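Colleague: Residue numbers (the numbering used here), protein chains in the order written: chain A, 156 to 428; chain B, 156 to 428; chain C, 156 to 428; chain D, 156 to 428.
Calculated from the structure, these hints are not laboratory results.
These numbers come from a predicted model, not from an experiment.
Do not rely on the hints blindly, as some may be mistaken.
One copy or two, either will do: identical chains are not told apart, so a pair holds if it fits within one copy or between any two.
Stated by the list, open to error - Derived DSSO-like pairs: lysine-lysine, alpha-carbon spacing no greater than 30 Å straight-line:
id, residue 1, residue 2
1, LYS259, LYS394
2, LYS338, LYS210
3, LYS259, LYS242
4, LYS338, LYS166
5, LYS239, LYS166
6, LYS338, LYS242
7, LYS338, LYS205
8, LYS182, LYS242
9, LYS259, LYS338
Number of protein chains: 4
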Amino acid sequence: MDKGDKKPSWKERIHEVIYEADTKEGKLFDVILLIAILASVLLVMLESVKSFDEKYHDFLNISEWIITILFSFEYVLRVISIKKPFKYIFSFYGIIDLLSTLPKYLSFFIVGSHHLAALRALRLLRVFRILKLSRYVGASNKLLIALRASRAKIAVFLFFVIIVCIILGTIMYMIEGEENGYKDIPTSVYWAIVTLTTVGFGDIAPQTALGQLIASAIMILGYGIIAIPTGIVSSEMTKTTSEIDTNTQSCKSCLKDNHKENAEFCYNCGSKL
Amino acid sequence: MDKGDKKPSWKERIHEVIYEADTKEGKLFDVILLIAILASVLLVMLESVKSFDEKYHDFLNISEWIITILFSFEYVLRVISIKKPFKYIFSFYGIIDLLSTLPKYLSFFIVGSHHLAALRALRLLRVFRILKLSRYVGASNKLLIALRASRAKIAVFLFFVIIVCIILGTIMYMIEGEENGYKDIPTSVYWAIVTLTTVGFGDIAPQTALGQLIASAIMILGYGIIAIPTGIVSSEMTKTTSEIDTNTQSCKSCLKDNHKENAEFCYNCGSKL
Amino acid sequence: MDKGDKKPSWKERIHEVIYEADTKEGKLFDVILLIAILASVLLVMLESVKSFDEKYHDFLNISEWIITILFSFEYVLRVISIKKPFKYIFSFYGIIDLLSTLPKYLSFFIVGSHHLAALRALRLLRVFRILKLSRYVGASNKLLIALRASRAKIAVFLFFVIIVCIILGTIMYMIEGEENGYKDIPTSVYWAIVTLTTVGFGDIAPQTALGQLIASAIMILGYGIIAIPTGIVSSEMTKTTSEIDTNTQSCKSCLKDNHKENAEFCYNCGSKL
Amino acid sequence: MDKGDKKPSWKERIHEVIYEADTKEGKLFDVILLIAILASVLLVMLESVKSFDEKYHDFLNISEWIITILFSFEYVLRVISIKKPFKYIFSFYGIIDLLSTLPKYLSFFIVGSHHLAALRALRLLRVFRILKLSRYVGASNKLLIALRASRAKIAVFLFFVIIVCIILGTIMYMIEGEENGYKDIPTSVYWAIVTLTTVGFGDIAPQTALGQLIASAIMILGYGIIAIPTGIVSSEMTKTTSEIDTNTQSCKSCLKDNHKENAEFCYNCGSKL
Numbered sequence: 156m157d158k159g160d161k162k163p164s165w166k167e168r169i170h171e172v173i174y175e176a177d178t179k180e181g182k183l184f185d186v187i188l189l190i191a192i193l194a195s196v197l198l199v200m201l202e203s204v205k206s207f208d209e210k211y212h213d214f215l216n217i218s219e220w221i222i223t224i225l226f227s228f229e230y231v232l233r234v235i236s237i238k239k240p241f242k243y244i245f246s247f248y249g250i251i252d253l254l255s256t257l258p259k260y261l262s263f264f265i266v267g268s269h270h271l272a273a274l275r276a277l278r279l280l281r282v283f284r285i286l287k288l289s290r291y292v293g294a295s296n297k298l299l300i301a302l303r304a305s306r307a308k309i310a311v312f313l314f315f316v317i318i319v320c321i322i323l324g325t326i327m328y329m330i331e332g333e334e335n336g337y338k339d340i341p342t343s344v345y346w347a348i349v350t351l352t353t354v355g356f357g358d359i360a361p362q363t364a365l366g367q368l369i370a371s372a373i374m375i376l377g378y379g380i381i382a383i384p385t386g387i388v389s390s391e392m393t394k395t396t397s398e399i400d401t402n403t404q405s406c407k408s409c410l411k412d413n414h415k416e417n418a419e420f421c422y423n424c425g426s427k428l
Numbered sequence: 156m157d158k159g160d161k162k163p164s165w166k167e168r169i170h171e172v173i174y175e176a177d178t179k180e181g182k183l184f185d186v187i188l189l190i191a192i193l194a195s196v197l198l199v200m201l202e203s204v205k206s207f208d209e210k211y212h213d214f215l216n217i218s219e220w221i222i223t224i225l226f227s228f229e230y231v232l233r234v235i236s237i238k239k240p241f242k243y244i245f246s247f248y249g250i251i252d253l254l255s256t257l258p259k260y261l262s263f264f265i266v267g268s269h270h271l272a273a274l275r276a277l278r279l280l281r282v283f284r285i286l287k288l289s290r291y292v293g294a295s296n297k298l299l300i301a302l303r304a305s306r307a308k309i310a311v312f313l314f315f316v317i318i319v320c321i322i323l324g325t326i327m328y329m330i331e332g333e334e335n336g337y338k339d340i341p342t343s344v345y346w347a348i349v350t351l352t353t354v355g356f357g358d359i360a361p362q363t364a365l366g367q368l369i370a371s372a373i374m375i376l377g378y379g380i381i382a383i384p385t386g387i388v389s390s391e392m393t394k395t396t397s398e399i400d401t402n403t404q405s406c407k408s409c410l411k412d413n414h415k416e417n418a419e420f421c422y423n424c425g426s427k428l
Numbered sequence: 156m157d158k159g160d161k162k163p164s165w166k167e168r169i170h171e172v173i174y175e176a177d178t179k180e181g182k183l184f185d186v187i188l189l190i191a192i193l194a195s196v197l198l199v200m201l202e203s204v205k206s207f208d209e210k211y212h213d214f215l216n217i218s219e220w221i222i223t224i225l226f227s228f229e230y231v232l233r234v235i236s237i238k239k240p241f242k243y244i245f246s247f248y249g250i251i252d253l254l255s256t257l258p259k260y261l262s263f264f265i266v267g268s269h270h271l272a273a274l275r276a277l278r279l280l281r282v283f284r285i286l287k288l289s290r291y292v293g294a295s296n297k298l299l300i301a302l303r304a305s306r307a308k309i310a311v312f313l314f315f316v317i318i319v320c321i322i323l324g325t326i327m328y329m330i331e332g333e334e335n336g337y338k339d340i341p342t343s344v345y346w347a348i349v350t351l352t353t354v355g356f357g358d359i360a361p362q363t364a365l366g367q368l369i370a371s372a373i374m375i376l377g378y379g380i381i382a383i384p385t386g387i388v389s390s391e392m393t394k395t396t397s398e399i400d401t402n403t404q405s406c407k408s409c410l411k412d413n414h415k416e417n418a419e420f421c422y423n424c425g426s427k428l
Numbered sequence: 156m157d158k159g160d161k162k163p164s165w166k167e168r169i170h171e172v173i174y175e176a177d178t179k180e181g182k183l184f185d186v187i188l189l190i191a192i193l194a195s196v197l198l199v200m201l202e203s204v205k206s207f208d209e210k211y212h213d214f215l216n217i218s219e220w221i222i223t224i225l226f227s228f229e230y231v232l233r234v235i236s237i238k239k240p241f242k243y244i245f246s247f248y249g250i251i252d253l254l255s256t257l258p259k260y261l262s263f264f265i266v267g268s269h270h271l272a273a274l275r276a277l278r279l280l281r282v283f284r285i286l287k288l289s290r291y292v293g294a295s296n297k298l299l300i301a302l303r304a305s306r307a308k309i310a311v312f313l314f315f316v317i318i319v320c321i322i323l324g325t326i327m328y329m330i331e332g333e334e335n336g337y338k339d340i341p342t343s344v345y346w347a348i349v350t351l352t353t354v355g356f357g358d359i360a361p362q363t364a365l366g367q368l369i370a371s372a373i374m375i376l377g378y379g380i381i382a383i384p385t386g387i388v389s390s391e392m393t394k395t396t397s398e399i400d401t402n403t404q405s406c407k408s409c410l411k412d413n414h415k416e417n418a419e420f421c422y423n424c425g426s427k428l
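Turn these sequences into a full structure, and let the hints guide you.
Modeller: See below:
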């Protein structure tokens, strides 16, 4: 932030603390937020454990209120300290920030219907606060670059996997039938996915000899084609890594970059680098 | 399609709509076909769910007839608009197109035997319509090239996996025996495949100490050799990818090759390529 | 085989048929052997299926005798047609060939004790005939080269996996105890292997919260470290593949080979290639 | 060890035997230690098997005492023969060495409370002796280098996996609820980890149609993202391998680098390196 000569306004100072991590206060803010997010997710999880909730209901409730107020405060500060508040409010993180704060307030207003399933579901939304953690992972990550580059290929692969599962599921439904647990095609397709992905719950398993033969084929197929997404990502990452071997120097005459590390001349215009 | 000066005949126009996706009508036809295929597969799946079929039997039946007539119409158009109709009829897609349309008509003629298992199986053939989707995936796909190149190696690998499973299955049958669920060698081989591919249904599991020791060995083996197909595809894809990025042109002055695709000058001596 | 001018002896002719696949007779012999092996393995498997064995006992018995005599004949021919018979007899294939032929004859001599478990096990040895198939896979296979090259690394990896499983199994035995199925340390180690290799039978599963936490850690660890053998084999295969990019041309002055495909000068002595 | 002219002291001689493997005595010591470690771990495991412990209690007890005394002796020798004993005592191996020797002595002093669970746990610590084996694996291993290099990326990946599992676990808890085994959020998150890592115990499995749909999505996701750690390690190992084979020396006349390790002349211009 280029502060120039002027003394920064209080809005600018808040912006610096919240959105940047260069200053002491910014780092402290980040650490507190991190702890609050983790504590919050832990609270949601513990609240769902009956025996724990009965014992420590008040403690859980108060802690939740403290964290909710803290996050509300953070939300308000984020909105007022930014120049384009609506851009933040309707951004991915803005919506997550709001969604994860609201449920606790709603539980305050709708006291009578405290046990409604819809409200319970709403309250669990607080678990999404964990997504706020992803702010701390650089978006320019090499991992994400490789994944983004292989997106199309992986989509084609998953598309084939789903087609294969639908056909194999239907065949297994014909062979095994309802008496062996394959009660309808969607269930059989679910079983085919469980098998092909090598998860294998075992809640449904083929009983007939022919069913076991086809199941074996599905498993070997699944064992074989797991190589495909791996191959895609591996080759993409090897490429990304080797691109790092090209340097960032750009040619003085034609401004092309991406030269080989040991290139002596520009591959585009032939002038000496 | 080079239409020249002549006005295209109605056959040519149908061909353009069905087999090409360049024109507005062609794209619209593709989108409608796509929706029809997905709707059709969804119908087959829902039809198998008893509770759903009882409630909405008429709706499912009518929808199915509409889609069947649509596909029949498409089939007829494909046959009459192509120059060599028999080549299409006996092609992979031609057979799929016919097979997925016929069952509904057969159910109309054989009303009495409506509940025959054979007919039910026949009706499920309609799920193969999903294979028509593969028309939309380019055959020149890099993924498929890499797979085709590694076909022989993967076959050798699968061949070894099957040999290993037959031997291990037989050994487990000797050790565990019928009282622990390994009722015959085919079942034991099935179990060996379930274990080696890390699926692990758990419907059959070793009970004796020796059986568990061998099962552990199988699992670690399976965990280790999953690396093999992955290694094959990875190295093949890395090769395919790097081959595409460099051309085979060699520099006229220094004879170096492996230049970048868009290089205009040799990266080594600076002379024009 | 360099037959020169002399007419080959009958031993030489048998050797040619059995050990080589260049002549018509050699190919025919190979195809018959292949079918006999597969039929033999199928017979062993079907024999173990009770319902099938009861129905077709005589058919199975006679077929087995035919195949056994065929293999015995092959064994004798192999021994007499080779120059160093003992080298063959004590080789891997020699032992397999003998072991897979003997059991049927033994069943003939020890008629009274037909149902001894030891004999049953012995008879199942016939399944090892499937190993004879590996004769048809070239030993100079790239796949095997890559595997052999990464043998040491994979051994280190498996060694770590086993250490980790022993420690984690012991910890789980302490936490879950006998009441939750972890009845002793070997069983717990078996469970740790089942979990780490992502097989997951589910015959034993953690019940306590702490046990589930540690199980989660084991699973994520297993999910992560499966990357290691894959990485080893992938990098080895990529290397093997890229070594193919080095040509087999050897330098005229220093006889070094393994030059880069596009090398102009020997990397060892500097003379023009 | 440069022994020079002086006769080495007895401390130096012990140091040579224990810490080095160059001499005959050093190798013998290593082999004995290796056998003792393996025997010790086997004893801990067998002791936990009830039926075995009852039969051979005395044998197990005496063997354990022999090994404990052997390890105590080794520990003392290691401490007195090293120049900085405290550095060893507080090192990783020093602590392991002590921890794995103490429990047996403690069982001697606290005779009355022989069956305390805490003591049983303590006694199982002896299994950690297996970690002493890792002394035999070179720390400069290529495998470890590749792993260390990809540590950060794998941490980011595991971080995402855990976030995804927490969110998916919460969603499954909402959909399936307590009646289908998803009794609280921690259990549901445990299930999500079991499913995403393709372990699939099957102790908990979705029963509702919507739950099975989401489970299918989780499984396909898990099947797809297993490619990520693999891709990371593969590309890292490929890099490590290729870096080792080429040196960083560049040709004096043409400035090309990336020469083969054993190259004596530039592969490009033929001048001596």
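Colleague: Now look at each hint and say whether the structure bears it out.
Modeller: How the hints compare with the structure:
In this assembly of identical chains, LYS259 and LYS394 lie within 30 Å of each other by CA distance neither inside one copy nor across copies; the values are 47 Å within and 51 Å between. In the homo-oligomer, the alpha carbons of LYS338 and LYS210 lie at most 30 Å apart only across protomers (17 Å), although the nearest pairing inside one protomer, at 43 Å, exceeds that limit. Within a single copy, LYS259 and LYS242 get their C-alpha atoms as close as 25 Å, which meets the 30 Å cut-off; across copies the closest is 54 Å, which misses it. Taking the shortest alpha-carbon separations for LYS338 and LYS166, neither the intra-copy value of 62 Å nor the inter-copy value of 46 Å comes in at or below 30 Å.
Taking identical chains as interchangeable, the C-alpha atoms of LYS239 and LYS166 lie at most 30 Å apart only when both belong to the same chain, with a minimum of 13 Å there against 58 Å between chains. Taking the shortest Cα distances, LYS338 and LYS242 never come within 30 Å of each other, neither inside one copy (49 Å) nor across copies (40 Å). When the C-alpha separation of LYS338 and LYS205 is checked against a cutoff of 30 Å, the pair qualifies only between copies, where the shortest distance is 9 Å, while the shortest distance within a copy is 34 Å. Taking the shortest Cα distances, LYS182 and LYS242 sit within 30 Å of each other inside one copy (24 Å), while across copies they are farther apart (36 Å).
In this homomeric assembly, LYS259 and LYS338 come within 30 Å of each other (Cα to Cα) only across copies, at 22 Å, whereas the closest approach inside a single copy is 41 Å.
The earlier numbered hints that this structure contradicts are 1, 4, 6.
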